[in-house]
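Kindly produce the complete structure, drawing on both the sequences and the hints.
Protein sequence lines correspond, in order, to chains A and B.
Read in order, the letters of the first sequence correspond to residues 1 to 113 in our numbering.
Read in order, the letters of the second sequence correspond to residues 114 to 577 in our numbering.
Derived from the structure by calculation, the hints contain no laboratory data.
Given the structure is predicted, the values throughout are model-derived calculations rather than measurements.
For every residue, glycine included, the Cβ atom is placed at its ideal position computed from N, Cα and C.
One thing to keep in mind: the hints can contain errors.
Below, simulated SDA-like cross-link-like pairs (lysine to any residue); rule was C-alpha separation at most 25 Å, straight line [as the list claims (entries may be wrong)]: (1) 479/B with 10/A; (2) 24/A with 477/B; (3) 563/B with 191/B; (4) 24/A with 482/B; (5) 479/B with 89/A; (6) 135/B with 23/A; (7) 24/A with 152/B; (8) 527/B with 373/B; (9) 564/B with 411/B; (10) 135/B with 10/A; (11) 479/B with 90/A; (12) 135/B with 59/A; (13) 564/B with 406/B; (14) 24/A with 401/B; (15) 24/A with 521/B; (16) 135/B with 12/A; (17) 401/B with 507/B; (18) 479/B with 450/B; (19) 24/A with 366/B; (20) 24/A with 375/B.
Facing chain A, from chain B, some residues (calculated, C-beta under 8 Å) [as the list claims (entries may be wrong)]: (21) 168; (22) 192; (23) 211; (24) 259; (25) 266; (26) 268; (27) 360; (28) 457.
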Amino acid sequence: MEILILQISLFVLAVFLGVELITKVPATLHTPLMSGSNAISGITLVGALLAAGAGDGAGLWVPVLGMIAVTLATINVVGGFLVTNRMLRMFRPRKVSTPTAAKGGVSHESVPG
Amino acid sequence: MNLFLVDGFYLLAAMLFVGGIKGLTRPRTAVRGNQMAAIGMLVAVVVTLLDKSILSYEWILGGVVLGSLIGTVLATRIQMTAMPQMVALLNGFGGGASLCVAAASFLGLAETEGLQGLVALVAICVTLLIGAVTLTGSAVAFAKLQELLPGRPLGFRGIRGFNLLLFVAVLALAGSLISGSGDSGILILLSVLALVLGVTLVMPIGGADMPVVIALLNSYSGLAAAAAGFIMGNSVLVVSGALVGASGIILTRIMCVAMNRSLAGVLFGSMGEAGGPVMDADEVYAGKVKSSSPEEVGMLLESARRVVIVPGFGLAMAQAQHAVRDLADSLERRGIEVIYGLHPVAGRMPGHMNVLLAEAEVAYDKMQPMEEVNALFEQTDVAIVIGANDVTNPMAREDKGSPIYGMPILNVDKARTVVVVKRSLSPGFAGLPNPLFARDNCLMLFGDGKKAIMELTAAVNESI
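What follows is the structure, encoded as structure tokens:
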């Protein structure tokens, strides 16, 4: 009973913490926030690992379901963090924004050198 | 490893997640924040693998290798325009993983006696339900976004009653599981019904409301993980799941406010929407729409001091981000201030348009959210609207009878001149004519977004 109450308290406090943190995320970063938090929700992987590693004593279905869960959760975690990283790298501050413009592909013939 | 140490490492992982999300509050620290969260995940996984209740590693190895491979390919191949589909897919996988964990836990459950067993059973049912709905709901959202399914609301008469019935049946099955009289047959039936429920819940929601749905499913995937944490009494799952659940709910709220819709309206209202007296497009536009040329707009831009670019998803569809950046560079070389005004629902998910502009190497400090850019329009010489429609419709501000009345919009009509780059006068998602196009200070530049912008850039460059 005590453990349950402790966990419910943890849950409620974490929700409050999440609300506080996430309202501070600027609109610019909402897409990476979604993919990043999605990767975090792949924490189910921990549960999946325990099920997949249950050994022969647990019958066939437990490890099979566990392996499916491990696969799905790993896609979630690896894909989520990688794609978030890819997006966030594009948001890195640039010192000069013009040099890349020179190879922009638009009719630059008329631009005086 | 002893239990104390394991819990200590789980706590460390949870702290890294919190720190990681905190890093995401600023573009400068965001990359590091994401890396921090990834390290947190690594810590949690390694600690779990060292747990002595893990007896065999073959199944784990197979899953991890397969998952990493698929995840890496997805993450590196996906186009930035397809990011909403990607997130929908990942949400679904997260939900699916929780579903499998719950099913495996039920089968592996040693004792169902006493309070411990009761809590585990309740948590298993909750995880099954949320996980299954997230899995198939996300699959439908993915199919709609990928245009495998039509974007319009799908369904049949009485789908809401059907959903209610399904939900009641799921609760009844869950009840029998919890009371201890259920076996694995009931478990399978419960999962199947919940999977069907995910499909029938998302089917009737229209394509325009998909951003809200993705945000909500994002929240569900977190809640499913938290529920799985209750099954196993694992605090790191509870904490991280709660964080993600909160994140998804907040984003859902932001999207609802930006679209002036209630969450209930999005989830249950779209089938029964009655079309009120819709304004006649011909009446709105008759003889008042002025078509312009790139040369004319180019001249207008040359004498401007501040230009605000308002992009919509049409810009991404035309792959015109880079062309727009080139135009902005040309203008900036002439000392003209260029900013991007972004509506919260520009693009197909929260912040999508920002990512697309960042991909075209637009500096993030030039992307301004709606509130800030609305304060600037009165001192703006030219506002260029590309591929956006409903979010600039002044009816939302002025016409009380309009279905979009009250929706926050970008007040582009307050700028001295508005240039709208558009293929035709066709309406946007809301299906309404846009009186903006008939305003005295509005010029239409008809044509393909990318081509029109490139012609405009050429016109600006030629006149130097």
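Results of checking the hints against the structure:
1. 479/B with 10/A: Cα-Cα ~40 Å, so violated.
2. 24/A with 477/B: 16 Å, holds
3. 563/B with 191/B: 22 Å, holds
4. 24/A with 482/B: With a Cα-Cα distance of about 14 Å, the restraint between residue 24/A and residue 482/B holds, given a limit of 25 Å.
5. 479/B with 89/A: 17 Å, holds
6. 135/B with 23/A: Distance of about 11 Å is within 25 Å: holds.
7. 24/A with 152/B: 23 Å, holds
8. 527/B with 373/B: 21 Å, holds
9. 564/B with 411/B: 14 Å, holds
10. 135/B with 10/A: 19 Å, holds
11. 479/B with 90/A: 14 Å, holds
12. 135/B with 59/A: Between residue 135/B and residue 59/A the Cα gap is close to 43 Å, so the pair fails against 25 Å, i.e. violated.
13. 564/B with 406/B: 12 Å, holds
14. 24/A with 401/B: Given pair residue 24/A, residue 401/B is violated - Cα atoms ~44 Å apart, limit 25 Å.
15. 24/A with 521/B: Holds, at roughly 21 Å.
16. 135/B with 12/A: Since the Cα atoms of residue 135/B and residue 12/A sit roughly 18 Å apart, the hinted pair holds (cutoff 25 Å).
17. 401/B with 507/B: OK: residue 401/B and residue 507/B at ~16 Å, within 25 Å.
18. 479/B with 450/B: Judged against 25 Å, a Cα distance of about 10 Å means the pair holds.
19. 24/A with 366/B: 14 Å, holds
20. 24/A with 375/B: 23 Å, holds
21. 168: 3 Å, holds
22. 192: 11 Å, violated
23. 211: 5 Å, holds
24. 259: This interface hint is violated because 16 Å lies over the 8 Å limit.
25. 266: Interface hint status for residue 266/B: violated (24 Å vs cutoff 8 Å).
26. 268: Violated, about 27 Å.
27. 360: 4 Å, holds
28. 457: 6 Å, holds
The structure fails hints 1, 12, 14, 22, 24, 25 and 26 (numbered hints given earlier, in ascending order).
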